[in-house]
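Chains as they are written, first to last, in our numbering: chain A, 27 to 272; chain B, 4 to 244; chain C, 4 to 244; chain D, 18 to 287; chain E, 18 to 287.
There are no misleading hints in this set.
Across the chosen pairs, the derived CB separations fall in these ranges:
| hint | chain 1 | residue 1 | chain 2 | residue 2 | range |
| --- | --- | --- | --- | --- | --- |
| 1 | A | D246 | E | Q61 | 38 to 44 Å |
| 2 | A | A99 | D | Q238 | 22 to 28 Å |
| 3 | D | L91 | E | F143 | 46 to 52 Å |
| 4 | B | H178 | D | P198 | 46 to 52 Å |
| 5 | C | S175 | B | G217 | 26 to 32 Å |
| 6 | B | G116 | D | L29 | 36 to 42 Å |
| 7 | C | S175 | B | S65 | 42 to 48 Å |
| 8 | D | V80 | B | S65 | 55 to 61 Å |
| 9 | B | H54 | D | E109 | 52 to 58 Å |
| 10 | D | L29 | B | Q60 | 18 to 24 Å |
| 11 | E | F55 | D | D146 | 17 to 23 Å |
| 12 | C | G51 | B | Q60 | 52 to 58 Å |
To be clear, the hints were calculated from the coordinates, so they are not data collected in a lab. Even for Gly, the Cβ is constructed at its ideal location relative to N, Cα and C.
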Amino acid sequence: TGNQAEPGKTELTVFAAASLTGALTDMAETYETSHPGIHVVLNFDGSQALRTQIEQGAYADVFLSANTKHLYALRDQGLMENSSIGLFAKNKLAVITPASNPGNITTLADLTRPGTRLVIGTKDVPVGDYARQILKKMGNDSTYGPSYNASVLANVISEETTVTGVVTKVQLGEADAGIVYESDITPENRDRFLVISIPDQYNVIAEYPAGIVGSSAHKDEAAGFLAYLKGEQGRAILAKYGFALP
Amino acid sequence: MAVRRDLREYLLEAEFTVRQGEIMVLIGENGSGKSSLLHLIAGLLPPGAGHIRIGEQVLYDSMNGIHVPAEYREIGLVFQNHAVFPHLTVFENVAFGLRRRKVPEPEIRERVGELLARVSLENLSGVRGDQLSGGERQRTALARALVISPTLLLLDEPVSALDAAAQERMRSYLHTYVKTSNIPCIVVTHSFRDAASLGDQMGVMERGRIIQNGDLEEIRGNGSHFLHQFFCGCRKDSCHL
Amino acid sequence: MAVRRDLREYLLEAEFTVRQGEIMVLIGENGSGKSSLLHLIAGLLPPGAGHIRIGEQVLYDSMNGIHVPAEYREIGLVFQNHAVFPHLTVFENVAFGLRRRKVPEPEIRERVGELLARVSLENLSGVRGDQLSGGERQRTALARALVISPTLLLLDEPVSALDAAAQERMRSYLHTYVKTSNIPCIVVTHSFRDAASLGDQMGVMERGRIIQNGDLEEIRGNGSHFLHQFFCGCRKDSCHL
Amino acid sequence: MGRRYFQGKNPLFLTIGAGVLITLLVIFIITPILGLFFRISFEQFLASLSDPVVWNALVLSLVTASISTLVIILVGTPVAWVNARHHYPGREIVDTLIDLPLVLPPTVAGLALLLAFGRMGLIGSFFYDYGISIAFTTLAVIIAQIFVSIPFYIRQARASFEQLDTMYEHAAKSLGSPSVPTFFTIILPLVKAGLIGGAIMSFARALGEFGATIMFAGNFQGRTQTMPLAIYTAMQGDLTAAITLSVILIIISFLIIAFVKFKLRGYGER
Amino acid sequence: MGRRYFQGKNPLFLTIGAGVLITLLVIFIITPILGLFFRISFEQFLASLSDPVVWNALVLSLVTASISTLVIILVGTPVAWVNARHHYPGREIVDTLIDLPLVLPPTVAGLALLLAFGRMGLIGSFFYDYGISIAFTTLAVIIAQIFVSIPFYIRQARASFEQLDTMYEHAAKSLGSPSVPTFFTIILPLVKAGLIGGAIMSFARALGEFGATIMFAGNFQGRTQTMPLAIYTAMQGDLTAAITLSVILIIISFLIIAFVKFKLRGYGER
Ligand SMILES: Nc1ncnc2c1ncn2[C@@H]1O[C@H](COP(=O)(O)OP(=O)(O)OP(=O)(O)O)[C@@H](O)[C@H]1O
Ligand SMILES: Nc1ncnc2c1ncn2[C@@H]1O[C@H](COP(=O)(O)OP(=O)(O)OP(=O)(O)O)[C@@H](O)[C@H]1O
Ligand SMILES: [Mg+2]
Ligand SMILES: [Mg+2]
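Please work from the sequences and hints to get the whole structure.
Quick look at the structure:
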């Protein structure tokens, strides 16, 4: 993505959740190559911040949210093109530990061990909300036992407001484990973590919706971009970055 | 000229006239208000009721609401503590007033050079104000006030820090300066030498008021025990000077 | 005492002795290094080679690596620009040295009170240093230096800003003070009055050196044309004083 | 430094110019802040005030910011003094180093602190071997605040010290006062206004500190969740709740700063 | 303010104490920063340096922070001067208001700016009617930087002005110098060191500004993505890349600040 608006090109402004940074940067590049008339302008921030910006009149053509809550909130205020809204990616959660594994965590059951330093998101960020849902489900399952939920939560040393916070603390070895999206384990940092998958029966599937913003001046181009995102090439890139697909 | 101002516990009140080309020596005990009076005339202290005039020009008149700001009064003032600008060289200190008056550079160099020679500071012209000795500071302050050709000269103990020879030279230069440029001048001093050799007229301050004001013959002659006592600090008849 | 220090273009070099109970008057042109010499003796300027002694006590000796810091020299110094603490009252300015010496409060009150009376500042004891007139500042500086009963007194033009009557009183007080407390004292001055009434001994500085040093009889009598010229700024035979 | 002189009359255009400039600046600063006030309702404000989570955060913020400021004053004053008055090799490098935390985006500052004082960190690992962990504790909050706000105090203090005429120190010395009493009785009172200004800046910066804190100390209610962290946490769910907390923080800070200014004036003002 | 006096010998314990204190402070500040340096590889550093995205961000950061600092100096100096030397009703309230941006967590500051200058904002809507949008532009980056860093400059400048003896102004006045030339020829040179210190603080704070910028100006590469935003963006994928950018920011800032200090000394130092 070049920086300045080039003459004769349509500028397509995409607001995307921070967790999509790698995938969308890639995608914008390939999209621009195949659509020479279009210049994709990206704005990455937390979904909540992007929503606030759109509410306050920021210009955007497309909004890609990391959860349904914020995008639907905009829809309910009439700020979205309702028909364009749809899911384009899914994300599962996983437990990560540093590659050195200082807490010696190899199974989900190890998370209850007293003294384990666990970081998760706060209950208001999706990743934290989902983590709690997962722990609750596991607690309700006899394999882990009713005290599982409470004893894992007792090990939490920090409730992060962003997933990056969780990832960073685990990567630096300051936390023994963290619960993050699978997509947070990017190609660049994959070898810095050990990943413990969460079985599907406990896992929560996060849904990434996308839609055209109501005030967009380039609705056709925006629709084209959404189609690409949901199409063959888009899916391939999303998969490469660890997203599950709807 | 009449001015009026509150000092610590008393009012500053004065009424006197200094004629063109005349020097008035102002004496008085410490804290009697001499410096305050000069600052007031220069426009650095807020005056009360009254008026201040130089020749035809009214600087201040409480009745008619006239108040010329200090920077337009064209008064040469030597501060008691010199107030030499510490970051400027001696030359720039002296040139300061001329630069503000947009005097052309060659003329500045000439006039400043002449005054620096007068106060024997030629060799120090490139030295910063904060690296001067006490006497050198006072010389700078004198040169700075004189170089602007003021229409009134206010000198607050102008030679007290000079060495004796320089004092004598400076007194005679000041005398000539005032006579030739024909401006009024007020000199605050505690020294009999200054009063005797400079004064045409004398004012005595006490607690913010000018309590005596008159011709200097009184002093040069031997009329006044009071003045002798002031300067000698001893009775005239037992004076050892 | 011999001291050595670079001044602007010349070295400060001096060798002289002041006996207990004696006053040495130090004269010299502006910028000759008088103030610098006092600061050097007081330990505020870095000395070069030489030594400084008060009585038996060695303050500085470059050969033996002795260097008593200024704060332990017990020297009373009156600065040429007074250096009165602006945020402290007159009383606290004078009491400052005593407080640092942990003198008990009643004694402080007594000693400060006595000195304030000496310099006629009783009425201003509660006034802050930055609200004093020039002479009031000098009085405060004098009281502050004397109250600590120093073992050496260094006075830089100590009465130049006082009114004439106060000058006379102060000279006689200083004289008595030095004689009764039997300490050496150096007075820098440009005034013949000071020299004549205070000096037992005299030093003349020029370009950082003491070029003459000797008994005051020379001056009181009429031996030296040089000194007369210095103080009068005129030749003795044509003097009008 | 006396104030008895009046300032004379300024030319009209200067007075007007200054008035306009100040008004514009005040508008520039106050409009956004008022914007926050308009966003919340009074009921919500009262409700937040009685929320124990908010109280926890507020108390923690005030306590940690106060401790940080205290430490900053205690450490920063002598350092600023030495840098202002003493020459030593590398002085200007030290001085520039001290400024560096200002440049770091707070999150990076927090990251750097983790790399130094975390349990795997250069210094932290040493402590960790003795069973002391620094990160994720209230201590870490204070460390983060000190790290990001100490430069403000030291910069200001050094400038104040440098501007002070040395003659007062010499006078004090000649009166038999060793360095330490001179510092407290003469120097400090003369630069008081400057130091208080610096302390206010540091305190305010510490109060508002978010990025370094959450990175280094984590976000744990009652232990490391200061007001800014509580605000961010609330912001993820409910923007209005977050704004309400911000308004509380603004009001409290305003009162504290105004109070300190009123109580501790410089010596020049009475 | 002369410097010809030496400081005498300090008691040993003071010298040692000061030395220890400075060393500890330097360690405290430099260890975290070194921690960042140790995390990156030289190859990565070189690669980042030649990445156009990084260059864009770096140039944008330097340009916006410089403009902000310039505006801050131009606006802040007269305001600080007036607050230092002139009494007017509400002066201390204005002064305290100016401090408030310090307390706001940066994201909240950004939100407040958006509420004021956004398209729907109190002031922004007015501009928008004339076709000018402020938010999400490079201008917004500058506004955000000014908002968060102007208090530092004004605080420092006011303290410097207050500490200056009024006698020099009076001397200048009596020599016929009106307020404006007096200000430039006498007052500014005498408080230069303080003002430069304040400007350095503001510049550094502007360089490190993240939260308010991303909220108010958005994170658009080449337009509003300054270094801190680029660091944040990099952090989403790869921590090491983010740290590399931070190291670049630190090095550049260090050089700039050291250069400014070296070039523009106060009048007291030669
Ligand atoms: N702070 C300083 N830095 C450098 N040189 C200085 C400083 N102060 C004074 N000097 C120079 O040192 C020399 C001696 O100064 P000193 O103040 O000792 O003179 P002095 O004999 O006391 O003169 P005066 O009679 O004017 O007080 C002079 O040339 C002076 O310009
Ligand atoms: N800045 C100030 N604030 C308040 N009062 C002051 C200030 N400066 C001087 N005063 C007081 O005003 C009175 C007159 O002071 P002024 O300086 O005019 O005296 P003076 O006649 O010049 O004395 P001196 O011979 O000592 O110079 C004194 O009582 C003095 O203490
Ligand atoms: Mg006076
Ligand atoms: Mg001298």
